[in-house]
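> Quick mapping for you: the protein sequence lines, in order, are chains F and X. Taking our numbering, the leading residue of the first sequence gets 248, the next gets one more, and so forth. Taking our numbering, the leading residue of the second sequence gets 248, the next gets one more, and so forth.
A portion of the hints provided could be inaccurate.
Said to hold, decoys possible - Only pairs whose alpha carbons sit at most 30 Å apart, straight line, appear in this in silico DSS-like list of lysine-lysine:
| hint | chain 1 | residue 1 | chain 2 | residue 2 |
| --- | --- | --- | --- | --- |
| 1 | F | Lys314 | X | Lys371 |
| 2 | X | Lys350 | F | Lys314 |
| 3 | F | Lys290 | F | Lys350 |
| 4 | X | Lys290 | X | Lys314 |
| 5 | X | Lys314 | F | Lys371 |
These are calculated hints, taken from the structure and not from any lab test.
There are 2 protein chains.
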Amino acid sequence: MTERGLSFGDGLFETMLLRDGVAVSVDRHLLRLEIGCLRLGIKPPNIPLLRGEIDLLTRDHRNGIIKLIVTRGAGGRGYRPAADMTPTRLMMLFPPLNAVDGKPIEVRWCATRLARNAQLCGIKHLNRIEQVLAQNEWDDERIAEGLMLDTEGELICATAANVFLVADGVLVTPDLRFSGIRGVMRERVIESALRAGLAVEERAVWPDDLTEATEVFVTSAIRGIRSVVALQERRWSVGHITQMLIAAA
Amino acid sequence: MTERGLSFGDGLFETMLLRDGVAVSVDRHLLRLEIGCLRLGIKPPNIPLLRGEIDLLTRDHRNGIIKLIVTRGAGGRGYRPAADMTPTRLMMLFPPLNAVDGKPIEVRWCATRLARNAQLCGIKHLNRIEQVLAQNEWDDERIAEGLMLDTEGELICATAANVFLVADGVLVTPDLRFSGIRGVMRERVIESALRAGLAVEERAVWPDDLTEATEVFVTSAIRGIRSVVALQERRWSVGHITQMLIAAA
Chain F
248 MTERGLSFGD
258 GLFETMLLRD
268 GVAVSVDRHL
278 LRLEIGCLRL
288 GIKPPNIPLL
298 RGEIDLLTRD
308 HRNGIIKLIV
318 TRGAGGRGYR
328 PAADMTPTRL
338 MMLFPPLNAV
348 DGKPIEVRWC
358 ATRLARNAQL
368 CGIKHLNRIE
378 QVLAQNEWDD
388 ERIAEGLMLD
398 TEGELICATA
408 ANVFLVADGV
418 LVTPDLRFSG
428 IRGVMRERVI
438 ESALRAGLAV
448 EERAVWPDDL
458 TEATEVFVTS
468 AIRGIRSVVA
478 LQERRWSVGH
488 ITQMLIAAA
Chain X
248 MTERGLSFGD
258 GLFETMLLRD
268 GVAVSVDRHL
278 LRLEIGCLRL
288 GIKPPNIPLL
298 RGEIDLLTRD
308 HRNGIIKLIV
318 TRGAGGRGYR
328 PAADMTPTRL
338 MMLFPPLNAV
348 DGKPIEVRWC
358 ATRLARNAQL
368 CGIKHLNRIE
378 QVLAQNEWDD
388 ERIAEGLMLD
398 TEGELICATA
408 ANVFLVADGV
418 LVTPDLRFSG
428 IRGVMRERVI
438 ESALRAGLAV
448 EERAVWPDDL
458 TEATEVFVTS
468 AIRGIRSVVA
478 LQERRWSVGH
488 ITQMLIAAA
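All chains should be built: construct the whole structure from the sequences, respecting the hints.
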């Protein structure tokens, strides 16, 4: 009850894919976790120690989803942390998802908006009521994801994925200067596109940019790159750039 | 680890004063909790059951602080809640604070801003990283509270209290249409002022309104009404309206 992860969402998390015995992009995930700790003023965990714990956790498994939570710890006086808190580390291995990779998906708009706060954006902290409310908006299994706008109407992300679009041959993704999470797969896709010689723009994106785009896809560390082929009345086919990025992932 | 209060801050809390064996304003606290549950789509707890549990918890005590957490429960798939979740209830009694009632305080400005999201404002949900970061900004014990602006620069509240000011004889408090918590003591003070025949305005408040005010005070269920007598270079004396409201509380 004095655990600050529970009391205030005062911590961070990571969700990683275990594939064929390998924790995919584990270095990137742990780097984001470390950056998140620094941003929140939480003592960052010892990274080699965490890697050792992940090895132990996954030793007898080939595939699954690794979830990691780091909080500021237990105690403090109300909102105020104590001077020298010992962070809490939690780690859990979940069974793998049914194979979904590469399958095109249908998405919807969410009514739930994302608040803007430059101080908290980018990192994967534990204050996630907005995402919970957004996913709770629909239960039609044909809809794989919901797109979220911020309170000013900018397109930010899907509920559990980043979003990309192709416009005039340029790969575009929201710049996340006020909200959203800097996804590990988002980063990998940007690097992969740049390596392939594509122009990439991180900028403010509005709903009209999306509907006018020639290709749309969403990315997540757990579900990979998924081509978006339907949003309400709008239809897309799986585009060349999306296919190329899926093949390169 | 699948407890959604910990994973996503997917729940609500209340902090109540136990004074002379009585849980002060318990009905108002439980009503706010119920409203919060409805706003987040969490099954509201049975209120008579909660009251019975509070009685049990406090049976052998005269004074203290009652903390109550209600979350959506354990489970679900990622952010998405399961269809019929059983909420988690947690309750704890903390020792009373040293007497602070009525003592004038010095406050500061916080650099940490509050995000705007009309969907989440007013209720006492568990996504409180902003308040944690704000209280973590100072450790000078002479400063009792920090005032918080939202991302647009409106004055919203103190880190763990609501804020009131007196301007031209009118009692003014931020209207909390985009952020902040509707405090139980805030509500009691408004009612008490109206009963005393005062004009009360809930409206957008800006830092200049505060520095130009003739009286300023902050309110919380735990610490009561505290007159603000210093903010950086600005000094106030304890005003008549503040004194009247403290006497009426």
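> Take the hints in turn and mark each one as holding or not.
Hints and how they fare:
no. : hint                 : result
1   : F:Lys314 to X:Lys371 : 27 Å, holds
2   : X:Lys350 to F:Lys314 : 47 Å, violated
3   : F:Lys290 to F:Lys350 : 40 Å, violated
4   : X:Lys290 to X:Lys314 : 19 Å, holds
5   : X:Lys314 to F:Lys371 : 27 Å, holds
Hint check: violations occur at hints 2 and 3; the rest are consistent with the structure.
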